[in-house]
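Undergrad: Sequence:
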Amino acid sequence: MIWEYLEALIWAGVVALVLTTFVVQAFKIPSGSMLETLQIGDHLLVNKFLYGLKRPFSDEYLIRGSDPEVGDVIVFRYPEDPSLDYIKRVVGVPGDVLQMRDKVLYRNGAAVNEPYVRLSQPDVILPRRDNWGPITVPADKYFVLGDNRDDSQDSRFWGYVDRKAIRGKAWIIYWSSRGLSDIRPGRIGTIIR
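So the sequence shown is residues 611 to 803, counted in my numbering.
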């Protein structure tokens with residue numbers, strides 16, 4: 611009887627390890643850089659399989675999947691400290707020419723419609739944050755910005771995200787709260803767009 615329980619527990623652990631290594635992983639949002647799309651305290655699942663199958667404990671691909679697209683919300687290893695995971699929105703893919711003028715993003719010469727963007731300082735223009743470019747996104751690199759544009763540390767400050775550093779695409783919110791007294795049931799089950 612004990613052996614059966616132990617065997618079931620071992621198999622459950624193996625399945626969980628395989629799923630979190632190759633398919634899906636849980637993450638928690640600790641900051642407001644993606645407001646209003648993602649709230650502080652949102653717990654989400656990230657699809658790791660979509661962009662490819664990586665070797666365990668490595669950023670090397672066994673099988674490369676589809677490439678991230680403009681608009682994808684991705685989790686990646688922070689370029690300045692790979693032990694940290696960040697989440698941002700892809701606004702530029704390899705070959706795109708990007709520029710920002712007075713807080714408006716331009717991709718390949720055209721202004722980008724970004725209904726998800728929040729500006730906490732709409733009347734304050736800062737050179738590095740709100741006016742930059744044009745730049746061309748290199749091969750296998752991605753330019754990412756937070757939706758809470760005035761309060762986000764992103765590619766404007768530390769550069770591109772390498773394709774190998776991407777952990778996966780944000781998929782669904784499975785829990786949302788800022789503590790036991792502030793559960794947000796309306797956000798649970800929300801697909802991240």
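Treat the hints with care, since some could be wrong.
[To be verified] Okay, the calculated beta carbon distance ranges per label pair:
#1 R794 x L694: 19 to 29 Å
#2 G705 x W613: 50 to 60 Å
#3 D733 x L790: 13 to 23 Å
#4 V707 x L790: 39 to 49 Å
#5 E614 x G769: 47 to 57 Å
#6 Y784 x L694: 49 to 59 Å
#7 D691 x D750: 35 to 45 Å
#8 I620 x Y726: 19 to 29 Å
Keep in mind the hints are simulated off the structure, nothing from the lab. As the structure is a prediction and not an experimental result, all values here were calculated from the model. Where a beta carbon is used, it is the ideal one built from N, C-alpha and C, also for glycine.
Undergrad: Now tell me, hint by hint, if it's right for this structure.
TA: Hint check results:
1. In this structure, R794 and L694 meet the distance hint of 19 to 29 Å, their C-beta atoms being roughly 25 Å apart.
2. Judged by the Cβ atoms, the range 50 to 60 Å given for G705 and W613 holds: they are separated by roughly 58 Å.
3. The given range of 13 to 23 Å is broken by D733 and L790, whose C-beta atoms sit roughly 38 Å from each other.
4. Take V707 and L790: their Cβ atoms lie about 48 Å apart, and the range 39 to 49 Å holds.
5. Taken as a hint, the range 47 to 57 Å holds for the pair E614 and G769, whose Cβ atoms sit roughly 53 Å apart.
6. As the Cβ distance of Y784 to L694 is approximately 22 Å, the hint placing it in 49 to 59 Å is violated.
7. A C-beta distance of roughly 21 Å is found between D691 and D750, which places it outside the suggested range of 35 to 45 Å.
8. Hint check: I620 to Y726, Cβ distance near 43 Å, so the stated range 19 to 29 Å is violated.
Checked against the numbered hints listed earlier, the structure breaks hints 3, 6, 7, 8; every other hint is satisfied.
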